[in-house]
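Q: Here's the letter readout for the chains.
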Amino acid sequence: MIRGVIIMNDQGKPRLIKFYEFQPPEKQQELVRSIYRVLCSRAENVSNFIKADSLFGPDVRLVYKTFATLYFVFIFDKSENELAVIDLMQVFVETLNKCFREVCELDIVFNFYKVHTILDEIIMGGQVLETSSEEVASAVDAISRPLSLSLSLPLSLRVCVCARALVSSCEWVLRCNRHLLLQLSLRVLEHGAQKYLWLNSTECFFSSLYFLLFRFV
Amino acid sequence: MNPFSSGTRLRDMIRAIRACKTAAEERAVVRKECASIRASISENDQDYMHRNLAKLMFIHMLGYPTHFGQMECLKLIASPGFPEKRIGYLGLMLLLDERQEVLMLVTNSIKQDLNHTNQYIVGLALCALGNICSAEMARDLAPEVERLLQFRDPNIRKKQAALCTIRIIKKVPDLAENFINAAAALLKEKHHGVLITGAQLCTDMCKVSTEAHEHFRKKCLDGVVKLLRDLANSPYAPEYDISGITDPLLHIRLLRLLYVLGQGDADASDTMNDVLAQVATKTETNKNAGNAILYECVATIMNIEDNGGLRVLAVNILGRFLSSRDNNIRYVALNMLMKAISLDSQAVQRHRATILECVKDPDASIRKRALELVYLLVNESNAKPLTKELVDYLEVSDPEFKGDLTAKICSIVEKFSPEKLWYIDQMVKVLSEAGNYVKDEVWHALIVVITNAPNLHGYTVRALYKAVQKSSEQETLVRVAVWCIGEYGEMLVGNAGMLDVEDPITVTEAEAVDLVETAIKCHTSDLTTQAICLVALLKLSSRYPSCAKRINDIVLHQKGSLVLELQQRAIEFNSIIGKHGKIRSALVERMPVLDEATYSGRRAGSVPAVVSTSLGTQPKMSNGVAKPTSAPLVDLLDLSSDDVQTPSSSGGDFLHDLLGVDLSPASPVSGTNNKAPKNGTDALLDLLSVGAPTAQSSSSMLDMLSSEQDNKRSEGLLDNFASLSTSSAHSSSAVSSSSMMDLLDGFGTSSSVPVAETSGPSYPSVVAFESGSLKVTFNFSKEPGNPQTTTIEAQFVNKSPDIYSNFVFQAAVPKFLQLHLEPASGSTLPASGKGSITQKLKVSNSQHGKKSLVMRVRINYKAKDKDVLEDGQISNFPHGL
Chain A
279 MIRGVIIMND QGKPRLIKFY EFQPPEKQQE LVRSIYRVLC SRAENVSNFI KADSLFGPDV
339 RLVYKTFATL YFVFIFDKSE NELAVIDLMQ VFVETLNKCF REVCELDIVF NFYKVHTILD
399 EIIMGGQVLE TSSEEVASAV DAISRPLSLS LSLPLSLRVC VCARALVSSC EWVLRCNRHL
459 LLQLSLRVLE HGAQKYLWLN STECFFSSLY FLLFRFV
Chain B
4 MNPFSSGTRL RDMIRAIRAC KTAAEERAVV RKECASIRAS ISENDQDYMH RNLAKLMFIH
64 MLGYPTHFGQ MECLKLIASP GFPEKRIGYL GLMLLLDERQ EVLMLVTNSI KQDLNHTNQY
124 IVGLALCALG NICSAEMARD LAPEVERLLQ FRDPNIRKKQ AALCTIRIIK KVPDLAENFI
184 NAAAALLKEK HHGVLITGAQ LCTDMCKVST EAHEHFRKKC LDGVVKLLRD LANSPYAPEY
244 DISGITDPLL HIRLLRLLYV LGQGDADASD TMNDVLAQVA TKTETNKNAG NAILYECVAT
304 IMNIEDNGGL RVLAVNILGR FLSSRDNNIR YVALNMLMKA ISLDSQAVQR HRATILECVK
364 DPDASIRKRA LELVYLLVNE SNAKPLTKEL VDYLEVSDPE FKGDLTAKIC SIVEKFSPEK
424 LWYIDQMVKV LSEAGNYVKD EVWHALIVVI TNAPNLHGYT VRALYKAVQK SSEQETLVRV
484 AVWCIGEYGE MLVGNAGMLD VEDPITVTEA EAVDLVETAI KCHTSDLTTQ AICLVALLKL
544 SSRYPSCAKR INDIVLHQKG SLVLELQQRA IEFNSIIGKH GKIRSALVER MPVLDEATYS
604 GRRAGSVPAV VSTSLGTQPK MSNGVAKPTS APLVDLLDLS SDDVQTPSSS GGDFLHDLLG
664 VDLSPASPVS GTNNKAPKNG TDALLDLLSV GAPTAQSSSS MLDMLSSEQD NKRSEGLLDN
724 FASLSTSSAH SSSAVSSSSM MDLLDGFGTS SSVPVAETSG PSYPSVVAFE SGSLKVTFNF
784 SKEPGNPQTT TIEAQFVNKS PDIYSNFVFQ AAVPKFLQLH LEPASGSTLP ASGKGSITQK
844 LKVSNSQHGK KSLVMRVRIN YKAKDKDVLE DGQISNFPHG L
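So the sequences go chain by chain: A and B.
Residue 428 in the working numbering sits at position 150 of the first sequence; the count goes up by one each step and never skips.
Residue 183 in the working numbering sits at position 180 of the second sequence; the count goes up by one each step and never skips.
One chain only, chain B, in its complex shape (with noise of 0.2 Å):
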């Protein structure tokens, strides 16, 4: 005997196992274990086989590896001993599956064990057939299946060749027309677990098989409702009984039957309406078991041709459901409302207020469900009822189910709000509870309609400012509110435009600029709500002048910031407060009305919104470079692209026009600012626009600009900005009103880049443009060491009699190239050749070697009083530039 193989028996292995202290003793011991199994298998020992199989059968359980035994489950199978086959079929339903090619093997042994005389071992060959059938096995054994279906004795083996049915012709589809007549008969037996089945039978070939849908619905629809009927009024039968109902199983396998015939057949859910009315109020509903039959039968009457009584009173089981103190029968009550609610809305909306009720259950599941259906009952006449409530709720919810909440009631209210007051109340008062939990969009869009509403703004910023005042610890509720201050500061201090419903407060400017410090100071705020704060900030500077040294001092205070973002903007600021008075109050006019339609496209469209970069919300960013210099820029200038409608037009042209068709239009900016093209070219489109109503605050940015050059040195932090706002700055200066160029100049030559004229290899001139009162010469000269960039001097000499003054040179090159223009050396050209201006231009060319330079300009200038616009394409430079 094999020494290995009468160790242990299956319980001592067992017991071994359960001792193991930790996974690598366990892993030890099972290793053993199979290690002697084997060699067991090995030696063929006959003797220990179904133990060794128990045993493996335990050790699959656990997780480990147990291939090596398949082919012993065959051996027992095949064994003729009971006891043997048992364990065989055990070990064949758990360690195989259908995918494996050993099953092929064993489609004999089960052929042979259909037909065997002894009863449980067909029963055995059934159960291991029903659980593991393959498709080729279903093929191969579907005739044997049919005979027991059909065999008249022993009666419990039908209900195990019914079930082995389901599997095969799940399997095999087209095997399903060759059973229909033997589960027709199931039907009419007296048994009830082959009633079970046989019900189970039937649905499930009415899935597979339309013929076999239209054959039960003519033959067996009838004998099924008198089944349904019979058992319902049927009395008490202990032996089925589950906890006091009578067979509760074959109730609800009958009723699934009758719900996929009555599908789409209104002769046939009449012949059903009786029997299910009668099950849906004889039934107990003291007990789970009855519930699951009601249950059962509102899905039938739910599904099956419409019958407005039997709806109702589906639906009212299910709201009798929702008031039960059983959360599993509340959770199924929801469920199947969700479906009811697209059948009959109606009947469902009496219900609301239970479903209310059940939003503040206590479990979670349930809670979310009856949310869910909440959203869905929300329309125009209940929106503000339900809304109120849930609002009422929001306060005292748990805060994990805070945030689905909140989201739910910002949707219902921004869907169905009748009114823009109404509106906002709700949102102050779901900021106020969750403002925590609100997602950015929603308070964006608040803030847009806030925008829409002038004859609210009062009302609102007061309304925020009281509710700041109560909860200051809600994120978002902050930022909206200091938003508003910022716009609307002088509303809140005067009381203007109050509404009747208001009560009036007196705020002072100073308390309104506590609020804005404490919530900059406030150490959990993130980087957007501070930056909106100075934002504010500096918009009130100019609100209450009282109160701007103070908050000069505040700005100040944020110079020391840690975040690159925050440091220059407080610097920005800083120093519009100090040096500009004159142009301050109309720099921080209040922000155009933002376009509501504009601002949900965008929503939809997922484009990086303009509006929500000049509400101050960039991401985070430890050493933001490109970004953060342009948002301050269209942040300055206070206007979001949808204002700059009017201007784009011809800016935007103008711009194509220097730029040519195939250029983004971001190009000429792209050296300094490739990050946020589009930012860029907002500014940039402004800053060309002239004569557009946005000219003031663009001649408001040079002046600020110039600022920023002072700063620079004394920082050393903003070189990228600089260098922007010099490329900008010098194509805005060309469309600009002379007046600024004073002020160009100052860091025009600062900023210019001294050039080793000498060295390098020399161009001959071109004359670039000629036309018949203007030539233009261009001088190359190149950086040693950097052949990729050339110096262009240009030089501008009148042919003509005339003066011209405001003389503006413009030039675009395509992507590959950058250009860089510097200031002219004048405005006013004399007339008759007389004189000159020159201008440098940078060009360094990224396919250098391959492409030579190529470059559309444009020249502007007024001549006896009348504006002259000259422009061409410059292609004839020297090679190798």
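Looking at chain A on its own, in the form it has when it is part of the complex (with noise of 0.2 Å):
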């Protein structure tokens, strides 16, 4: 099983942290300190295993890889095979970079709840779930999409998206007959996406509309 994956830049500031045991705060930071103490007196051309018998018990191993100014690290015990967890942590840096086209440290910075997303899509409970990278990425924008709109943006953006929805939604209605127009907003008010009420009604219409679409045709 997988223990935990932690993500941390080279000064030892940790980017992501997931562990599958509980760990209670203070002991994540306390590992993650050990863990890049460790890894900072690693040499060059040196295996990525590291045992780390000291810090989590027996028979439970590192493996870690560094991609520019970041270490990902995977925490594993014996029921694991080693070279795949390499294999995985492979999976998982294409599957970022798949998702934030060409990944860098501030990418996991600002988004780092997406790349927990993602995480979750590759391990589930310490097994892993899935490894075609294609597959999460596209599990991963199935999900986040709505939320991208509603969290990441600013509020003049979120007006230029309600306003191409707004524009988008009218093409599309045109092309589409009423109908489905009636059923669309009666989804809107079963749904009841009140998030959106800050926006006036007409915003909100339109970009419970836009939301809609993209969940739902």
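These are calculated hints, taken from the structure and not from any lab test.
A few of these clues could be false.
Claimed, not checked - Below are the DSSO-like pairs computed for lysine-lysine, each with C-alpha atoms no more than 27 Å apart in a straight line:
{"#": "1", "chain 1": "A", "residue 1": "K356", "chain 2": "B", "residue 2": "K562"}
{"#": "2", "chain 1": "B", "residue 1": "K363", "chain 2": "A", "residue 2": "K343"}
{"#": "3", "chain 1": "B", "residue 1": "K865", "chain 2": "B", "residue 2": "K837"}
{"#": "4", "chain 1": "A", "residue 1": "K356", "chain 2": "B", "residue 2": "K174"}
{"#": "5", "chain 1": "B", "residue 1": "K371", "chain 2": "A", "residue 2": "K329"}
{"#": "6", "chain 1": "A", "residue 1": "K329", "chain 2": "B", "residue 2": "K290"}
{"#": "7", "chain 1": "B", "residue 1": "K524", "chain 2": "A", "residue 2": "K343"}
{"#": "8", "chain 1": "B", "residue 1": "K869", "chain 2": "B", "residue 2": "K802"}
{"#": "9", "chain 1": "B", "residue 1": "K174", "chain 2": "A", "residue 2": "K305"}
{"#": "10", "chain 1": "B", "residue 1": "K391", "chain 2": "B", "residue 2": "K442"}
{"#": "11", "chain 1": "B", "residue 1": "K24", "chain 2": "A", "residue 2": "K305"}
{"#": "12", "chain 1": "B", "residue 1": "K845", "chain 2": "B", "residue 2": "K869"}
{"#": "13", "chain 1": "B", "residue 1": "K342", "chain 2": "A", "residue 2": "K356"}
{"#": "14", "chain 1": "B", "residue 1": "K229", "chain 2": "B", "residue 2": "K174"}
{"#": "15", "chain 1": "B", "residue 1": "K210", "chain 2": "B", "residue 2": "K290"}
{"#": "16", "chain 1": "B", "residue 1": "K837", "chain 2": "B", "residue 2": "K867"}
{"#": "17", "chain 1": "B", "residue 1": "K391", "chain 2": "B", "residue 2": "K363"}
{"#": "18", "chain 1": "B", "residue 1": "K837", "chain 2": "A", "residue 2": "K356"}
What the hints assert, rightly or not - Distance windows between CB atoms, simulated:
{"#": "19", "chain 1": "B", "residue 1": "A269", "chain 2": "A", "residue 2": "G290", "range": "28 to 36 Å"}
{"#": "20", "chain 1": "B", "residue 1": "E514", "chain 2": "A", "residue 2": "P336", "range": "49 to 57 Å"}
{"#": "21", "chain 1": "A", "residue 1": "K343", "chain 2": "B", "residue 2": "H526", "range": "42 to 50 Å"}
{"#": "22", "chain 1": "A", "residue 1": "E322", "chain 2": "B", "residue 2": "G406", "range": "18 to 26 Å"}
Computed from a prediction, not measured in an experiment: that's the story for all the values here.
All C-beta atoms in this analysis are idealised placements derived from N, C-alpha and C, irrespective of residue type, glycine included.
Quick one: dock chain against chain with the hints and give me the complex.
A: Set out below in structure tokens:
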């Protein structure tokens, strides 16, 4: 089983911490620090495996890889194949690359929740869920599209998006029949997307429409 | 709207935290954010809840407390919108854990979401459940998960449900039975994600339930084998490839399932042999992913029931791994070989050369593993070549690796040495390459072996001499060499005991002394080395008479040493060399042969080894008082407790007699030598032994003591030693020949304590002991101000018509008393009560007022040329002593 995944930068700042067995927050920080100490002292061109008995108990190992300024660390026990974990790490990084287009540290800092989502699509409860980065990327895309709209865009952009939504949905509506439009608005009500109420009602309607277009059509 | 919560967005907060220069600034920003989040929570501000939670997750990652956001997670999960749910579940997995009570509240929400029509929401709920499910939740939600596991559509959720099931059966193993059929059905799916998770689920179920194990073995084995075969033969499928290999993870999961199914079942193992062989031979090895499959395949082959051919194939794959350029592959191969060695050591032996190469790897962790593996591979037949390789490598290895390497080489050499010559050769090599990394036990053992090989003494001392010339910076080598030169110095100079294999060398006595002098003067030498050097010099002074003067000068030089131990030795040895030429040669005889069995037994039992004490390895002590005083005794006497065996059998009994059963044997000396009772006893045992082979050394010891007494006045440093020597000398004087008495008389008076006999309360005299021929009367007096101590004057009167010569009185007391015997007024007792001998005893009673004195006495004398021994117990002391 995979016990945890940590991303940290070359100064030891954690960028993502995910443990699949509960560790209290203080312990997590301590582990990150001790792992960082070990990683720093590793020479170049040595194997990527580190015995971590002292930190996690018997038979637990770390595998790490450096990508640009980031250390990727997977913590796993003896039921995992060491070499396969390296492959899995490769899948993870590839997927990050796909989702962020040439991922860099800043992407991970500002979109850590998205990185979590990606990781959740690859590893769940310490077990491998999916190894095809295509499939992971599309699943993540499907989940996070509405969220990125609502969470990460500044207000002005949201208005823009709403405007675009307005245009595109108008075009769309022109092509479709009224019946469908009615159905859609009914589903908007059904979903009760209260979150969008901070805009005025028109914007709300169209942004919800946009949301629904993406999700259900 | 809340003025605080509207403030910063997540991105702004991250930016502000990143801009912080110091930890204090960061804390301030976080504190401010937390305050506004709290305010927002208390205002029940729905609009910003998900943003706040996202912030909290970031703050949590930085290690700050975020418990106040836990309830918000639950609220978000319960809200109907997908984005809220999503962030809520994310927060749930990060901020909460399975141990918290709050988690109970979320069970219902998760249950609803598992039954939701939106598959994404179901996905979120499954994901959360798979990550944080507790035992209670597992029981409550198992039916939902089971339903999802069998649900026809959509397919994607099945893999999540499968992993969720793993978590559930790990939490509640009893539930495993319910899932057996569903899990087996997963293996018939087409979707590769479902297959991966299905195989994983089956593997984990086998671990928790034997019933499942049986079921899968019977029903699914063929299916799994077929799956694996199809997979191995399948054409390249780009969508699942990892660096050019199709779906390695699925390969690995299936192999792992076979690993579990084949364990301990010959039939099952038979079924999978073919496919394993196919995977092992067909997989490409130029990619990490391919090697991962091969590695798993090897692990499976090692674990299933024996099939010789496959195992050899597996070990050969590992051998190929070892020559790979990828560090990771070498690393895992070594790990696996370590397991393989117990199964088929012959097959592993074939790759010895490659493994040996790995010992020289630049990667420290690989080196370490390879070394351990080599250590396991060593047997009688290959010990010599392997050791040679390792010793050769020792020369060029990294300093930080030398410690490990040396320890292993020493252990191999000790365990498998076919002959002593080879052992000594290898050890000399190791000592000259890495002497500073050798542990004390190792060179102690070497010395024991050297003493036990009389025909190799000459060879060894010459080899060591040559080695020290080359590498004098290796402390341990210098120690062993100096010790050997001290013992076998004449063989070094005389080229005695030449072996055929060695070249003759010419060493003069002066050169040998040079070596020791360099060692003792070298500023890096530690106390042990210097002490050994001093002893060696003492011995050489007798072996090389021509250099005695020079040696004395070197020894004298150490008189100014700041270390008490060295100073003391220097003074003692100086007086031996200067004043006691007659007995010196006898005093510095060779060490008796050290008993190997006893030595190794000691090592095992971790008893403070007297052997090592006599070798001069006292721990460093700046102001050693008790211990060093006794150690030189043993040193001087040139004996370890091993060779006291003959005398100690008599001496020991003798002492036990004297002391009574309940006494610790050391108590007579413990007054001055509490800290080293064992050593003290050794010395005493020896002193007390009469007519034993060591009597000679005991007399020279007494000789020594008298000179010691002279030094005492000038140096004033050795009080403790002196008092020890007085007490032990007295007990020994009792048994030593009367020719020694004059020596003792000299300082007996000087060290006797003036007693104010007139002061203090007076006690009646008692007849302590009376037999037909002898009467002993005790007179008591006390020193004023010291009620614990009693001075007893014993008066011996001879009632028989014969003259008693060699009259010796001995006494012993229980632990709570301390006894100090002063010399008797004479050793001849005139006949028929015409004269008497008096002797003073000082007794201090540590339990004064609670217990009264008690004493055992033994009297030895010669009457009519016959030895007579009388003994008895005295308990009629007056009260209050």
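Q: When you take the CB atoms of A:K343 and B:H526, is the distance between them in 42 to 50 Å?
A: About 48 Å separates the Cβ atoms of A:K343 and B:H526, which means 42 to 50 Å holds.
Q: Cβ-Cβ distance between B:A269 and A:G290: within 28 to 36 Å?
A: Since B:A269 and A:G290 have Cβ atoms about 52 Å apart, the given range 28 to 36 Å is violated.
Q: Regarding the pair B:K210 and B:K290, is the alpha-carbon distance no greater than 27 Å?
A: violated, 31 Å
Q: Regarding the pair B:K837 and A:K356, is the alpha-carbon distance no greater than 27 Å?
A: Violated - the C-alpha atoms of A:K356 and B:K837 are around 93 Å apart, more than 27 Å.
Q: Given the proposed pairing of A:K329 with B:K290, does the C-alpha separation stay at or below 27 Å?
A: Holds, at roughly 24 Å.
Q: Taken at face value, is the distance from the CA of A:K356 to the CA of B:K342 at most 27 Å?
A: Given pair B:K342, A:K356 holds - Cα atoms ~13 Å apart, limit 27 Å.
Q: With a cut-off of 27 Å on the C-alpha distance, tell me whether B:K391 and B:K442 pass.
A: Given pair B:K391, B:K442 holds - Cα atoms ~20 Å apart, limit 27 Å.
Q: Is the Cα-Cα distance between B:K174 and A:K305 27 Å or less?
A: holds, 23 Å
Q: Given the proposed pairing of B:K837 with B:K867, does the C-alpha separation stay at or below 27 Å?
A: holds, 17 Å
Q: Against the 27 Å threshold, does the CA-CA distance of A:K356 and B:K562 hold or violate the hint?
A: Violated, at about 62 Å.
Q: Under the criterion that the straight-line Cα-Cα distance not exceed 27 Å, is the pair B:K865, B:K837 satisfied?
A: Roughly 17 Å separates the two Cα atoms, so the pair holds.
Q: Decide if the proposed pair is consistent with the structure: B:K363 and A:K343, CA atoms, cutoff 27 Å inclusive.
A: OK: B:K363 and A:K343 at ~24 Å, within 27 Å.
Hints 1, 7, 12, 14, 15, 18, 19 from the earlier list are contradicted by this structure; the remaining hints agree with it.
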